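Residue strings, one per chain:
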Amino acid sequence: MNPVNYLYLAALLFTIGAAGVLIRRNAIVLFMCIELMLNACNLAFVTFSRMHGNLDGQIIAFFTMVVAAAEVVVGLAIIVSLFRTRHSASVDDASLMKL
Amino acid sequence: MENLIALLVAAPLLGAAVLLCGGRRLDKTGHWLGTLLAAVSFGIGAVLFVDMLGRPADDRTMDQFLYSWIPVEGFQADVAFQLDQLSMTFVLLITGVGTLIHVYSIGYMEHDERRRRFFGYLNLFLAAMLLLVLADNYLLLYVGWEGVGLASYLLIGFWQHKPSAATAAKKAFLVNRVGDMGLSIAIMLMFTTFGTFAFGPVLGSVGRTSEGTLTAIGLMLLLAACGKSAQVPLQSWLGDAMEGPTPVSALIHAATMVTAGVYLIVRSGAIFNASPDAQLVVAIVGAVTLLFGAIVGCAKDDIKKALAGSTMSQIGYMVLAAGLGPIGYAFAIMHLVTHGFFKAGLFLGAGSVMHGMNDEVDMRKYGGLRKYMPVTFVTFGLGYLAIIGFPGLSGFWSKDKIIEAAFAKGGTEGWILGGVALLGAAITAYYMTRVMLLTFFGEKRWQPAPDPDTAPSVEPGIEVHPGDMPHPHESPRSMTIPMIVLAFGSVFAGGLFSLNESFVTWLEPVTSFEHGHPPIGAAAVTGATMVALVLGVALAYAQYGRRPVPVVAPRGSLLTRAARRDLFQDDFNHVVLVRGGEHLTRSLVYVDHSLVDGAVGGTAAAVGGLSGRLRKLQNGYARSYAVSMFGGAAVLVAATLLMRGV
Amino acid sequence: MSVLTENVLAEAASTGEAVQFWVLGTIAVIGALCTILMKKAVHSALCLAGTMIILAVFYLANGAYFLGIVQVVVYTGAIMMLFLFVVMLVGVTAADSLKETLKGQRWLAVLCGLGFGILLIAGIRHAQLNQFNGLGRANSAGHVEGLAQLIFTKYVFAFEITGALLITAAVGAMVLTHRERTERAATQRELSERRVREGVQLPPLPAPGVYARHNAVDVPGLLPDGSPSELSVSKTLRARGQIRDVSGEALEDLKALEQSSAERLGRDARKEASK
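Chains as they are written, first to last, in the numbering used here: chain E, 1 to 99; chain S, 1 to 646; chain G, 1 to 275.
Rather than coming from a laboratory, the hints here were simulated on the basis of the structure. This structure is a prediction, so every number in the text was calculated from the model and none was measured. Note that the Cβ used here is the ideal one computed from N, Cα and C, for glycine as well. Some hints could be false.
Partial chain E-side listing against chain S, Cβ under 8 Å, derived [what the hints assert, rightly or not]: (1) A18; (2) V21; (3) L22; (4) V91; (5) D92.
Here are the simulated DMTMM-like pairs of lysine to aspartate or glutamate, each with C-alpha atoms no more than 25 Å apart in a straight line [stated by the list, open to error]: (6) K162(S) with D570(S); (7) K162(S) with E110(S); (8) K365(S) with D468(S); (9) K154(G) with D56(E); (10) K371(S) with D302(S); (11) K365(S) with E443(S); (12) K255(G) with E230(G); (13) K39(G) with D93(E); (14) K103(G) with D93(E); (15) K40(G) with D92(E); (16) K40(G) with E71(E); (17) K40(G) with D93(E); (18) K103(G) with D92(E); (19) K39(G) with D92(E); (20) K616(S) with D92(E); (21) K162(S) with D362(S); (22) K235(G) with D93(E); (23) K616(S) with D93(E); (24) K99(G) with D93(E); (25) K255(G) with D218(G); (26) K235(G) with E183(G).
Throw the hints in and build the complete structure from the sequences for me.
Next comes the structure, spelled out in structure tokens:
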């Protein structure tokens with residue numbers, strides 16, 4: 001098997017995650033889809049690391065995880081406060097920017 | 001000695017600054033200060049004159065470099081003065097007549113509560129006029145040129161509470177702007193052609209320049225001269241300028257400022273000498289104005305306006321002379337000086353008459369004043385004799401020479417110009433005799449003072465009660481003494497100048513001089529002038545001396561009515577310039593509204609419509625935006641791939 | 001690191017890895033699809049966790065041992081638990097409607113997704129990535145040591161900055177969820193006085209649950225006439241509509257109980273009678 005299949009898998013997972021972001025309304029699920037996309041990227045990084053024979057890709061994946069953790073913390077905090085005020089976790093409800 | 005030149009300008013400038021910034025505490029003494037500084041300037045001028053006389057004729061030019069005004073690479077403008085014989089003549093005329101008129105104004109403006117300001121403006125005028133004639137380059141001359149325009153504006157509109165005065169001031173300013181535009185264009189042309197605008201280099205390099213360029217410069221200079229000297233076609237402001245106080249009319253609009261155009265032409269003589277076309281246009285303009293002013297002067301009943309027409313006509317003589325080239329320059333200046341004396345004297349006399357007649361200006365309401373105002377009568381009469389060219393008096397010497405020179409021009413032009421000048425002499429004699437007879441002879445036609453409410457032209461500060469009959473009286477000494485001094489000038493100046501051709505010799509190093517030889521001989525010209533003079537006087541006497549003069553002007557002939565309306569100058573300007581301008585403006589406004597605004601408004605509407613449609617994309621749903629973003633990312637990937645593929 | 005693994009990683013993947021890839025990769029894709037298609041958030045979270053564990057296995061297979069462990073411990077263990085926690089907070093049983101409300105959104109999303117995926121895959125194919133170097137040399141001084149060396153030398157700045165980012169995120173989360181109390185909290189005494197003054201529900205609220213068979217907090221207690229008491233369940237559950245109404249059922253049960261007890265009693269009576 002050619003390890004490039006890992007990259008195809010990553011692309012597939014990324015696309016599924018992106019589609020999820022577009023389709024789902026629940027903010028929590030939305031966040032999960034974003035996590036999925038980040039994970040797909042991480043998989044690609046790890047594969048690249050193996051391909052090039054150095055560890056930089058893994059380091060980047062590591063940093064991605066850290067940043068994802070930070071992002072999840074803030075994002076979930078936002079969802080909680082949004083839920084508190086609007087009693088809903090639907091992103092469509094927060095369409096006040098519209099004219 | 002050269003260092004005194006700047007003081008000439010500085011003294012009246014200081015006076016203007018002190019008087020205009022000093023405030024009310026100078027109200028009591030301001031006029032003395034102004035007069036003193038004018039006299040100081042005259043004194044310095046006299047000292048310089050004596051010094052100049054002591055030098056050899058070819059070494060009389062004095063220069064003073066003050067400072068570098070705009071020192072830019074390739075554009076060098078200096079504040080530097082050049083005092084030569086021509087400037088010296090003007091300096092003495094300006095400061096001399098100026099000082100006399102300052103003295104006269106002390107009496108004339110006695111009741112005006114804004115006298116301090118008046119003297120400030122007068123000093124400002126003196127400073128600007130001296131700067132004009134002393135500048136050693138055209139740019140500095142332009143500063144003085146604008147300065148006298150400003151002073152003229154301020155003084156014409158000095159009684160700004162009168163709408164007519166305010167309007168006249170604006171009119172003078174606007175018409176002068178046209179001429180100023182000519183001067184600025186001429187200066188720009190000089191700079192592009194010669195790379196400098198100092199007199200010496202510009203006039204010195206005329207020989208290496210194409211005639212077309214010189215003609216252009218000359219015509220632009222002529223336009224400037226027309227504006228400042230009230231020559232056709234920019235003559236319309238001078239008559240209205242008589243709304244200003246009479247000393248102003250005497251100083252600015254008779255003796256000095258209006259002659260600045262003649263100065264400019266004579267100063268730029270080298271340019272005109274090298275461009276016969278421009279020179280001929282100058283002569284034609286002078287001849288036309290000469291007749292124009294004289295005809296207008298014949299019909300006016302307002303004494304100051306009659307004199308204004310006369311001024312226009314006399315300056316026409318000077319411009320005509322200046323347009324004749326080296327045979328005429330010196331006579332132009334000579335007539336300018338003698339005219340400065342007698343016309344200033346005439347205006348001061350007119351002011352004196354008005355002073356005694358409750359500021360009445362209509363000559364038909366004067367009559368028989370010679371017994372009541374003997375000094376005014378005598379000085380005015382001497383001025384009258386001088387202007388009509390009575391043999392022996394100033395006007396005779398200068399005007400006769402101009403007529404001779406016009407004939408000496410040669411060819412058909414010479415005959416036409418000479419004939420016009422001769423005709424002008426006859427008309428001059430006619431209208432001046434008319435003024436004289438209407439004012440000082442005949443029976444009294446005095447009228448009660450008008451109601452100030454219905455006749456707002458009454459000068460302020462003078463106690464006039466409606467219905468009062470005027471009590472003509474001689475004016476105070478401060479007014480009569482300047483008139484007497486000027487009368488002396490009117491009588492003797494011309495003879496003095498002509499003695500051994502002293503004036504021509506004096507000016508020759510600057511203006512160059514050639515003797516003109518009229519085809520019919522000088523004596524014949526003089527004889528013809530005398531005949532014209534007698535004819536004019538006789539006609540006027542027949543019309544106004546032997547018959548009683550009606551108080552209300554008769555309807556008059558077609559020419560008279562036209563002349564009363566200034567030969568339709570304002571109507572012409574109105575129809576051609578104002579209406580034309582209005583039509584032009586309207587069409588431009590239409591273009592602006594339909595095309596420019598249409599384009600702008602259309603763009604705005606298009607953008608607005610597009611935005612309204614684009615706005616629907618902004619539905620506020622984050623997911624919808626995410627789709628756009630994702631689509632954009634897809635496009636980017638596609639673009640990257642395509643680029644790689646290529 | 002075993003010598004065997006080194007060799008495996010050095011060259012193209014072995015057959016074993018291929019089997020592992022195809023089996024687990026299929027499950028990962030199914031998990032991802034389930035994540036975005038499940039109605040309940042909690043199911044999505046579980047599917048995602050599964051996908052992440054499979055990804056961790058793939059990390060390990062690709063020689064990223066440290067990252068694989070971190071993936072399991074931090075991602076699946078911590079972050080996904082955080083997700084579940086929020087899901088619980090929002091309501092674990094709340095199901096989303098999958099009906100699309102935005103016009104054309106789903107079509108556009110599918111179109112973009114397909115286009116993007118195809119383009120990505122085409123790009124990867126276009127790149128012709130066949131050369132795999134393996135991590136043998138990079139791991140020569142030990143895998144974790146190699147990572148550490150990079151993190152603390154080449155990426156030290158990024159490392160420090162991520163530290164700052166984490167601190168900021170923590171503070172930000174606190175700020176976002178914190179609610180400032182603007183007035184003093186009412187004391188017990190004040191609350192009781194207010195209750196008396198307003199005349200509502202002076203005694204304690206009735207307890208939920210019926211007869212110890214349904215003592216869950218989401219089941220209202222029954223009044224003597226058999227109707228459920230709304231007061232006996234928490235306001236939050238009522239607002240969420242997560243109340244289970246078991247009054248009819250309970251009465252049925254009660255009846256059945258009575259009958260059966262009567263039967264037993266009767267039997268017992270017969271037994272007693274027979275005795």
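These are the hints, each one checked on the structure:
Taking 8 Å as the C-beta contact cut-off toward chain S, the hint placing A18(E) at the interface holds, the least distance being around 6 Å. Hint status for V21(E) relative to chain S: holds, with the closest Cβ pair at about 6 Å, below 8 Å. Hint status for L22(E): holds, given a least beta-carbon distance of 5 Å to chain S, under 8 Å. Of the supplied interface hints, the one on V91(E) holds, with its beta-carbon coming within about 5 Å of a beta-carbon of chain S, less than 8 Å.
With 8 Å as the threshold, the beta carbon of D92(E) comes within range of chain S, its nearest partner Cβ sitting at about 6 Å, so the hint holds. Between K162(S) and D570(S), the direct Cα distance comes to roughly 20 Å. Compliance with the 25 Å bound is thereby established for this hinted pair. Proposed proximity of K162(S) and E110(S) is supported: the alpha carbons are some 19 Å apart, at most 25 Å. Distance hint between K365(S) and D468(S) is fulfilled; the C-alpha atoms sit about 14 Å from each other, no more than 25 Å.
Annotation: proposed proximity of K154(G) to D56(E) holds, straight-line Cα distance about 9 Å (limit 25 Å). Of the supplied pair hints, the one linking K371(S) and D302(S) holds, its CA atoms being roughly 21 Å apart against a limit of 25 Å. Note on K365(S) and E443(S): the hinted pairing holds, with a Cα-Cα distance of about 10 Å set against a maximum of 25 Å. Restraint check for K255(G) and E230(G): the C-alpha separation of about 23 Å stays at or below 25 Å, so the hint holds.
For the hint pairing K39(G) with D93(E), the CA-to-CA distance comes to about 18 Å; that is within 25 Å, so the pair holds. Taken as a hint, the K103(G) and D93(E) pair is honoured in the structure, with Cα atoms around 15 Å apart against an allowance of 25 Å. Taking the CA atoms of K40(G) and D92(E), the gap is near 17 Å; set against the 25 Å cutoff, the hint holds. For the proposed pair K40(G) and E71(E), the alpha carbon gap of about 23 Å is at most 25 Å, so the pair holds.
For the hint pairing K40(G) with D93(E), the CA-to-CA distance comes to about 18 Å; that is within 25 Å, so the pair holds. Note on K103(G) and D92(E): the hinted pairing holds, with a Cα-Cα distance of about 13 Å set against a maximum of 25 Å. For the hint pairing K39(G) with D92(E), the CA-to-CA distance comes to about 17 Å; that is within 25 Å, so the pair holds. A distance of roughly 16 Å separates the Cα atoms of K616(S) and D92(E); the hinted pair therefore holds under the 25 Å criterion.
In summary, the hint linking K162(S) to D362(S) is supported, as the alpha carbons are separated by about 18 Å, within the 25 Å threshold. For a cut-off of 25 Å, the pair hint linking K235(G) to D93(E) stands: about 23 Å separates their Cα positions. At roughly 18 Å between alpha-carbon atoms, K616(S) and D93(E) fall within 25 Å of each other, so this suggested pair holds. At most 25 Å may separate the alpha-carbon atoms for a hinted pair to count; K99(G) and D93(E) meet this at roughly 15 Å.
Under the criterion of a C-alpha separation no larger than 25 Å, the hint pairing K255(G) with D218(G) is consistent with the structure, at around 23 Å. For the hint pairing K235(G) with E183(G), the CA-to-CA distance comes to about 23 Å; that is within 25 Å, so the pair holds.
Hint check: no violations occur; every hint is consistent with the structure.
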